[in-house]
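Asker: Below, each chain spelled out in residue letters.
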Amino acid sequence: MPSTTSGNSVGSRRREWTTFLVLTLIVLPALAVAFVGGYGFVLWMSQVINGPPTVDF
Amino acid sequence: MSIKSLILSFWDTLRTPPATISLGVISIGGFITGIIFWGGFNTALEVTNTEKFCISCHEMADNVYLELQETVHWSNRTGVRATCPDCHVPHEWDNKIARKMQASKEVWGKVFGTINTREKFLEKREELARHEWARLEANNSLECRNCHDYDSMDWDAMSDEAVFYMQPAAERNVGCIECHKGIAHHLPEREPGTSHIIAQLDGRAASSLKGGEDYFAYKPVKIYENSDMSTPAGTLNLAAKIEVTQASGDMVEFTMTAWRKNKGYGRVLYDDFGMNTRVAVLERETAQDEEIVTAGTPQMDDNTGLDWSEVKLSLWAPKSGFVADPSQLWEVAEASYAESCSGCHAQPDPDHFSTNAWPALFSGMVGFTNMDPIEQELVLTYLQNHSSDHSDAH
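Residue numbers (this note's numbering), protein chains in the order written: chain A, 4 to 60; chain S, 53 to 446.
Note that these hints are calculated values from the structure, not bench results.
Any given hint could be a false lead.
[What the hints assert, rightly or not] Looking from chain S toward chain A, a few residues come up when the C-beta cut is under 10 Å (computed): (1) S61; (2) H140; (3) E144; (4) K148; (5) E189; (6) N191.
[To be verified] Covered, in the sense of this in silico footprint (three residues per stretch, anywhere, with C-beta under 8 Å from a C-beta of chain A), are these stretches of chain S: (7) 63 to 73; (8) 192 to 202.
If you're wondering where the values come from, they're calculated on a predicted model, not measured in any experiment.
Glycine included, each C-beta is placed from N, C-alpha and C at the ideal position.
Can you build the whole structure from these sequences, using the hints too?
Answerer: Following this line, the structure appears as C-alpha cells:
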C-alpha cells in the first residue's frame with residue numbers, strides 16, 4: 004500500500020468509498036450480467052449444434 | 053496515474069479491512085444494491101418480454117403483428133389473447149436466457165436492415181418460419197401447450213369435423229405445430245420456381261443427356277417442335293420418361309411413348325393404358341399434328357367406356373430438368389410424403405390405393421399440408437407410380 008496516503012484518513016475514506024461504490028454499482032452488476040449472458044450464449048451455441056431443446060409430454 | 057496503478061490501488065483497497073466505513077454500512081449497502089440489481093435485472097427481462105417492446109421495431113409491427121390481428125389468437129369469444137412472447141419466448145428460465153442472447157442476432161438484423169422492407173421480409177419468411185417450426189417440433193409445441201391441453205378439450209363442444217381430426221391427434225399426443233402451421237401468421241408463399249423440392253432435385257440432375265438413353269423430368273419442362281424453341285409444343289410433367297435421340301447445343305430431340313384418351317383434342321398424355329397419371333400436356337396444334345404424334349389402334353377401357361390410343365411423339369426439350377434415374381425422384385417424394393402426411397395420421401402405403409383413386413384422395417387432403425404446387429405434383433406422381441396397379445402385393 005502506498006505509504007503517502009495510508010496515514011491520511013480523509014484520502015483513505017475517499018478511496019474506500021470510491022472502491023465500495025465502483026464495486027457494488029459497476030463491477031459486480033457487470034459481472035453478473037456477463038455471467039448470465041455467457042450462460043445464455045453457451046446454451047444458444049449448444050442449441051445450434053444439438054438442435055432446439057426437446058420436451059417430453 | 054496510469055490505468056494499471058489505478059487498478060492496483062483499487063485491488064489494494066479491496067483486500068484491506070476498511071478503516072473508515074463501518075461493517076454495517078458495507079453489509080447494508082451491499083444488501084440494498086443487491087436487491088436493486090436483482091429487481092432491475094428481472095424488470096429488464098420482463099420489459100423485453102412485452103409485446104410493446106417487440107413491436108417497437110417496425111419489422112415486427114408492420115409484418116407479423118398485423119397478420120396476427122386477423123387470427124383467433126388476437127380476438128376470440130373468450131377474450132383471452134396471445135402476445136408475441138407467449139409463443140415465441142420460452143417460459144422456462146434457462147431457455148429464456150438463451151433466447152434473449154439469440155436476440156442479439158435480431159439486433160444485428162435491425163442495425164443492418166436485414167428485413168427492413170416488406171419484400172425482404174417476404175423473401176426471408178420461409179427461413180424464419182422454419183426456425184420457429186423446428187423449435188416447436190423439437191419441444192413438442194411446448195409454448196402452445198402452456199395454454200392448450202388435450203386433456204382439457206371438451207369433445208362434445210367441438211364440431212364433428214374438429215373431433216375427427218383432433219381426437220386421433222390427442223391419442224397420439226401429436227404436437228400442435230404439426231397440423232397448425234400458419235395459425236397466427238401467414239404461411240410462406242412459394243413461387244413454383246423457388247420450391248425447396250426442386251432445389252433438392254437440381255443437385256441430382258443429369259449433367260449431360262446422351263443419345264439412346266432414357267431420362268425423367270424432375271420439374272415441369274417446356275417442350276418445342278423444333279430445336280430453336282420457336283414453336284412451343286407443350287409441357288412435360290414430373291417423372292415423364294423420354295428417350296433422347298440426339299443432342300444439339302442446349303437442346304435434345306427425344307421420343308416419347310404415352311397414351312391418350314381419344315376424346316377432345318388429345319392434348320393430355322398419360323403414362324399407360326387406362327391410367328390417369330399425366331406425363332405431358334400438349335399444345336392443341338401439336339396434339340393434332342399427325343407428323344409429330346402418331347397414334348396406334350384405339351382400345352376401349354371397360355371401366356370408363358373411353359377409347360385410348362398409344363401415341364409416339366418426337367419433340368425437342370432443353371437439356372436441364374432431367375434425372376437419369378427415377379428413383380432420385382421417388383426418394384425425395386417419399387420423404388416429402390412421409391413428412392407432410394404423417395403429422396396428422398399414419399400415411400397409407402402408396403400401394404393401398406389404385407393409380408386412378410389417388411388423385412381424388414390426394415386433393416382432398418393436400419389442403420392440410422404446406423406443399424407447394426411442384427411438391428404436390430411430385431408426391432401425387434410418386435403415389436400413382438407406386439399404387440396398387442404397380443404393385444404385386446395387392
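Asker: Hint check: is the beta carbon of S:K148 less than 10 Å from a beta carbon of chain A?
Answerer: holds (8 Å)
Asker: Given S:E144 as an interface hint, is its Cβ closer than 10 Å to any Cβ of chain A?
Answerer: holds (9 Å)
Asker: Do the numbers back the hint for S:S61, that is, is its least Cβ distance to chain A under 10 Å?
Answerer: holds (7 Å)
Asker: Does the interface hint hold: is S:H140 within less than 10 Å of chain A, judged Cβ to Cβ?
Answerer: This hint is violated: S:H140 lies away from chain A, its Cβ roughly 13 Å from the closest one there, beyond 10 Å.
Asker: Are there three or more residues in the region 63 to 73 of chain S whose C-beta lies closer than 8 Å to some C-beta of chain A?
Answerer: Held - the region 63 to 73 of chain S has 8 residues with a Cβ nearer than 8 Å to chain A, which meets the minimum of three.
Asker: For the hint on S:E189, just tell me whether its beta-carbon gets within less than 10 Å of chain A.
Answerer: At about 8 Å, which falls below the 10 Å cut-off, the nearest Cβ of chain A leaves the hint on S:E189 intact, so it holds.
Asker: Confirm or reject the coverage of the region 192 to 202 of chain S by chain A under the rule of 3 or more residues with a beta carbon closer than 8 Å to the chain's beta carbons.
Answerer: holds (count 3)
Asker: At a threshold of 10 Å, is the proposed contact between S:N191 and chain A supported by beta-carbon distances?
Answerer: With a minimum Cβ separation of about 4 Å from chain A (threshold 10 Å), the hint on S:N191 holds.
In summary, the one numbered hint that this structure violates is 2.
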